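Sequences listed follow chains A and B, in order. Quick note, the first sequence lines up with residues 175 to 966 if you use this note's numbering. Quick note, the second sequence lines up with residues 197 to 357 if you use this note's numbering.
No lab work stands behind these hints, which were simulated from the structure alone. Please note that a few of the clues may not be correct.
[As the list claims (entries may be wrong)] From the derived model, a few chain B residues whose C-beta atoms are all more than 10 angstroms from chain A: (1) MET197; (2) ILE203; (3) ILE210; (4) ASP214; (5) TYR240; (6) VAL248; (7) LEU259; (8) ALA265; (9) THR270; (10) LEU304; (11) ILE322.
[Claimed, not checked] Simulated coverage check for chain B against chain A, where a stretch passes if three residues somewhere in it have a Cβ under 8 angstroms from a Cβ of chain A: (12) 224 to 231; (13) 282 to 293; (14) 296 to 302; (15) 326 to 333; (16) 337 to 344.
Everything numeric in this text was worked out from a predicted model, so none of it was measured. Yeah, the Cβ is synthetic: ideal placement off N, Cα and C, and Gly gets one too.
Each chain, written out:
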Amino acid sequence: MKADQAPRYFGARVSRRQDDRLLRGDGRYVADIKPAGVLAAKFMRSHQAHAAVTSIDIDAAGASEGVRAVFVGGDFADHEIRCVSSYAAFQESAQPILAVDRVRHVGEALIMVVAEDEYLAEDASELVVADLDPLPAAVNIDAALAVGFAPLHPGWRHNAFVRRQVKTYGFDDASSSAPHRVAIELHNGRHSGIPMENRACIAEHDRGTGQFRLHTTTQIPHLVRAGLSWALGVPESLIQVIAPDVGGGFGVKAQLYPEEVACCLAARQLGRPVKWVEDRREHFVAAHHSREHRHKVTGYFDNDGTILALQADIAVDMGAYSVFPWTATMDGGMAMGILPGPYRIREYSVASMSVCTNKTPYGAYRGVARPAACFSIERLMDQIARHLGVDRVEIRNRNLLTDGDYPWRSPSGLVYDSGSLIESLDAVVDLADLEGLLKCQADARAAGRLVGVGLAVFTEQTAHTTQEFKQRGVPIVFGYETAKVRLDASGTAVVSASIHDHGQGLETTLAQIAADRLGLDLEQVRVTYGDTEQVAYGAGTFASRSAVLAGGAVIRAADAVADTLREVAAHILEAAPEDMVVETGRVSVAGSPSQFIETSELCRLIYQRPERLPDGVEPRLEASRTYDAHPGTGAYTNAAHLASVEIDPLTGKTRVLSYAVVEDCGPMINPTIVEGQIFGGVAQGIGTALFEEFLYDEVGQPLSTTFADYLVPVMSDIPDFRVAHLQTPSPHTIGGLKGMGEGGAIAPGAVIASAVEDALSHLGAVTVDRLPLTPERVLGYIDAANSNGASA
Amino acid sequence: MAEISLIVNGEPAIAQVDPRTLLSDFLRDDLGLTGTHVGCEHGYCGACTVLVDGASARSCLMLAIQADARSVETVESLSANGAGLHPIQQAFKDCHGLQCGFCTPGLLMSVVELAATNPGCGRDEIREHLSGNVCRCTGYHHIVDAVERALNGAPGRADES
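Same shape as in the complex, but just chain B (with noise of 0.2 angstroms):
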């Protein structure tokens, strides 16, 4: 077992982890963060999709201890208990941005990061910076509709009627 330190959505973390444990495991099973979420554990679907010091990483390809000395941050970071819905979680709602909710969580992290390092994009730019995250309900255009009004303000669809 390897002592680790970090901080997890704010608040330091001190753990004994098995040196082989997952990022992804080590946040939902050691510390209850269930809200991220595991779909292939081969870096590939995106569900898992955490902050490590701001970027988005596949916490399925990162060992817990990869992350001592770190920052990460989790969908639960996004709005605490009882707060109202992060700006990028109000706009999926409003959009229907969401259907079975299972990619939702480590999509949320790639916009954050988004609107983070490239605010100003457009559709297409949408689609190419969130193609790593697979859903599989969607079809996507709710969730552009839902990334463009949370990077520009712009109207989704889903307000039309």
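Pulled out of the complex, with its shape left as it was, chain A reads as follows (with noise of 0.2 angstroms):
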């Protein structure tokens, strides 16, 4: 698929199609949105993370000034959220719209007010009397699994939503043979998006019709509308999803969530439209949370460093219920997917669990499981060369794969499909001057300073669709995308895509493909997503997939409607189809650059004088297509990351002073938007590995409500950046493209670590296994340094 002159926009640092409306404050969020005759609804959360309800007063807040409605659990109990994964032995969980008889975690939806205002609401909210009756938490992992803790669902057997177990054939002879092991365990810390915007929807229906119209703060319209669908046992004909301006997903805004049934349930019955905005707060309980594993993992090895068996034991806490659409298998299964990593491991036994907790329930955040699986494999290549005495650059250079390893079955299955995994640590060793940065920790460690520097590298499977997602046991396989390209008489075209921005700039990079194939300037391309009305059935942006698999589908439209520009073209300059050649503003006859037709003119005359078209044409310029990516295993994106840090040894606050990222993702659209792209997933890396955390008391509290508690990076945490591109492209993708949305997030929890444990290796050996690198648990290390150190 090449198109007929050299690309002017593919590959460029253009300027953001989106950025003037919404530099002026002109973007349109949901919160923005004020349909007439809104009423504003308000939910009252659990306190408890388990316990029965025994009862709810909510008479008083139903005579407060201005409310409309009054829900409790048993006004919507015919409705609920299942996500059911076809995985043998998974056991169900529904997720009320409102806790009817139970609540299962602090910030469970137990109450709704629907009222004039916001202030209304709130006022009313307070006036609710809920009587929950404390029943035993399962708090963490180990008390959920307790023996003779009582299962948090009917009919269950024990809290653990699914057990699956892998080995490989010859796992055990490798290991039983390998001369040496290491053997550690990872904790991660419980954590989010926390996107800047919070959630909100406003739910809209229309009696006469019957129809839903939900705004939605979603990265995933079509797949809200199905799971609604289920939910309200509504046909998706009668419900339309929107998704305007969204301010932020990265995950934890790719899910169903029961406050959108509620608000479109509430709606129906009041038949006003109901709006919600989520306070911050709500959103530290309420809306899905992501990251926490616990990984045991050991490596076995021979003399030189070389692994031949790796074997990891994976829990994953996801609170108390099953997510529409991934289930509650997401983490635990793709961290025994991808654990292997970038290494040439060929013996793998993995055994990994998604335990049922009292906690908020466990949704996607960008990177899904890799952050945790790269933070294993590489802490565990740390210790692997500590124990041989080798250098960590040279350990990995002995694992890594290699060119001639492609396509590269790993252990677990998957297909990687091709990488520069040397190439991208060479490239990040001069990027950051590491020789540099290690002379800086020599005079640094003189001078009595910590100083330590931290490296990781990995593999990102992007773009992976069918093929993938069956495997992955959801109810819904998320494989192709598809857009729709249409030119109009004046010339201009419009890009109709399933996927949805919010924040990555396919507003532009979609622009930037159909202009090159279309032969238009940039500003001639309108790109339009997220109303499931508007925009043909596709899953959403997620998983690092929408350059490429929308990217494909804009490629594969834009060539359908450049083919009629050709054929009608022919057809007037008296010249054969085949001979035509689209360029910039004008199709001409290849070799006789003077024939030609203007491109607009030829637009205006196949809808405007459709007796001038060729037999057989119809006098319309749009083509819909689909792209999958074939065969769905994915294209594998690569990177590799170099930091350096300080701790200062009274507080134990660690501080990175530099990082630097090589990166490999194909053919890159815009460079400037990949490097927006790593640097954001970096800096929330960083928040995984220094700040965030989500920590609950002993009985299941949390306590981590505000940004007083819950500490995101900010200016002053984050370090310029040093960036550089390997550009490898995938065999299997349309260009070579690969996505790297999720990238940057992978590695600096890994790169963190390594670089704390660095920091302190001389004053005594210490395993750094746990993130956040809070202050605390940073100074704990180095006491135990310390300790270790005086005792060798």
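Two chains, two separate frames, one set of hints: put the complex together.
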């Protein structure tokens, strides 16, 4: 699929189409939308981790000024959210829209007050009295699995949604004959994407037609429509979901939430639009959490550090319910698959468990399980290096996959299509000036300071489709994306795509692609998305897939439109269609550039002068195409990260001094946007590494419910970044494109942990095994290093 | 209800407000200035930053009645309808200083204040000054590029190719 002329926009650092409106304050986010007659909803939530609902008194709330309705669990008891995995022995949960007789996490919605405005709804919600009779709470993985702890859902045998186990045929032999082994246990704190825009939705119901319209802060409008259809018992043709401008997603907005269902039900019952805007405190306890993994990992290796076998025991704290559309298996399954990472590991034994606890349900966050998997395998590599006294770069070079290994079938069954692992590691060593950093470290140590250098290498499965998702046991297989390209009579184009842009810049990158294929100026292409009535069915934006899949669909659709241009131009110019060339602003005869017709004139003729069309050509310049990046096993981006840190020995505070990334995501549509995605991901990863954690007390009370308790990186926490690119095309995708939206967030936990361990290495051996590296934890590592050093 | 009289983006405004109405809600709901975004309602994230008598303020921590007889500027003041982007906005566009755009209006208002009070500051100072505006998308690097360019005319990375 080659365009007729060299690209003008593909690969160019063009500025973004959406920026003007966002910069002027003209963005249109859900909270900005105010339909006539709209009512405000407020949810009262459980303050207990696990409790029986004994009584609810809503009389005073119902009589409060401006209140139009107060709903309790029983009102919506015919509706629920279920997301059932096809894995054997998966235990199902039913997430109520409003809790009925049992609450299973702090923050679970219990009561919905609907009033004339938000202030009145909040007033009334304070008058609700809910009696909750506490039950023992499963506050962590071990508590939930303790012998004798009652299952959290009816009919369950134990508190795991699912347990799975895989072992390669040769694992036992390889592990038992290995001369060395190292075992570590690693903990990742519970945290989440924390977009700056909280969730919000506005539900409307048309009594005349029976149609619902839901504006909502989602990354996945069609999947929300599918989930609503199931939860409401209404066909999809009667549901319109619109995601307008969305203020960041990061995965946390890639789920169906009970509040969306509740607002639809309330709007239908009340005959007026119902709007809910989440506040930040709710977001911390009710928007889905992520990342809480515990991995026990053992590496078996020979005398030169070559890994012979890998064993892993994975447990993920999935919270109270299986979420739609991911199920409660996603993180555990992803970690099983990707844990061997970029290394030539052939023998693998892994067990994975998705545990149900009395915490906020667990959904997607940028990287899904890969940050934890990267943390585990990279921490293991560092321990192997230390065990053998081999340099950390060298131990990786001995084990990384090389060109001759691709396509590489990993021991978990993933098919890595391509990569540049050793090249990226070499390049990041240069880019970061490792030699210079080590010299600075030596100088710093001589001055009594704690400075360390850390690194990590990873491979990122992106743009995986049908083949991958059918193995994951999810109820909806996320395969393809669809795009429609339409040229109108004025010679300008509209691209309608099934993805969503909430910061990734697809509104620009898809326009770059279409403009090139149709010979248009970028300003002549408008990209639309987000409204299920306006765009074809598709999964939406998550999993580093939109540029590849929607990009491929746009190329196909634009090329089909270009074919019509060529056919009609050939007819008008009395030439052969195969001789026609789509150039900038015109369609000409190959080799005879004076014979041409301007594209805008051609478009006008096609729509407005149908008598000039050749027989059999419809007066229409539009095409819809679907693309699934066959074979669907994914295009593998890879990267190497290298950072330096300094620890304050008195406070334990870790500061990132420098951070360098070499990323290979194949050909880049817009390098500036790629870099923005990398930087954003790395900053979130530094949050993972140093700051972010939803802490709970011993009875399941969340302790991190404001930005004063849950710290996100601010500008002064983050250094300037250095970035460089390699561009190894994928053999699987149109244009060789690979996804990269998540990658930045995958490695920083591993990198910073490696750096902190390195910073303490001259004091004594210590294994940094827990994220985030809060000052308190780092002080513990300093003490351990000092005491290990003293006893050594 | 209380009557307030203030200047918003250079235009006089007189309104009846409930004394408990937040300035952010007043701007958004009563005046329709939805460019001011609310990200946390506890004064941390900075998305709702506006200028009150030229100084940055969290409009989620301020009551509308506290703005009585004062001058409030929101992001909508930076480039009137149809006019070109303000130089700070243009720098953000040129340097890819925004992604989802939700934190952007508040950040821009903080930069307006910075440009007025400390126009000569370098990258580290920029990071310190703007640490009250949380951005979750950009990782800040391109924002610092943009602010550096807006303040000093320094070229940002996004120009390189």
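Status of each hint after checking the structure:
1. At roughly 13 angstroms from the closest C-beta of chain A, the C-beta of MET197 (chain B) stays outside 10 angstroms, upholding its exclusion from the interface.
2. With a minimum CB-CB distance of about 18 angstroms to chain A, ILE203 (chain B) clears the 10 angstroms threshold, and the non-interface call stands.
3. Distance check for ILE210 (chain B) against chain A: the nearest CB is about 21 angstroms away, which clears 10 angstroms, and the non-interface claim stands.
4. A beta-carbon of chain A is positioned within 10 angstroms of the beta-carbon of ASP214 (chain B); the least distance is around 7 angstroms.
5. Not every C-beta of chain A lies more than 10 angstroms from that of TYR240 (chain B), the closest at about 4 angstroms, which undercuts listing it as non-interface.
6. For VAL248 (chain B), the shortest C-beta to C-beta distance to chain A comes to about 17 angstroms, beyond the 10 angstroms cut-off, and the non-interface label holds.
7. Every CB of chain A lies more than 10 angstroms from the CB of LEU259 (chain B), the least distance being 12 angstroms, so the non-interface label holds.
8. Distance to chain A confirms ALA265 (chain B) as a non-interface residue, since its nearest Cβ pair spans about 24 angstroms, more than 10 angstroms.
9. For THR270 (chain B), the requirement that its beta carbon stay farther than 10 angstroms from each beta carbon of chain A is not met, with the minimum near 7 angstroms.
10. The Cβ of LEU304 (chain B) sits about 7 angstroms from the closest Cβ of chain A, inside the 10 angstroms cut-off, so the non-interface label is violated.
11. Not every Cβ of chain A is farther than 10 angstroms from the Cβ of ILE322 (chain B); the closest lies at roughly 8 angstroms, contradicting the non-interface assignment.
12. Residues of the stretch 224 to 231 of chain B lying with their CB closer than 8 angstroms to a CB of chain A number 5, which satisfies the three-residue condition for coverage.
13. Interface restraint, the stretch 282 to 293 of chain B with chain A: holds (5 residues with C-beta to C-beta distance below 8 angstroms; minimum three).
14. Under the rule that three or more residues need a Cβ within less than 8 angstroms of chain A, the assignment of the stretch 296 to 302 of chain B holds, with 6 such residues.
15. Given a C-beta distance limit of less than 8 angstroms, the hint that chain A covers the stretch 326 to 333 of chain B holds, as 8 residues qualify and 3 suffice.
16. Coverage of the stretch 337 to 344 of chain B by chain A holds. Counting CB-CB distances below 8 angstroms, 4 residues qualify, and the rule asks for three or more.
Hint violations for this structure: numbers 4, 5, 9, 10, 11, all remaining hints satisfied.
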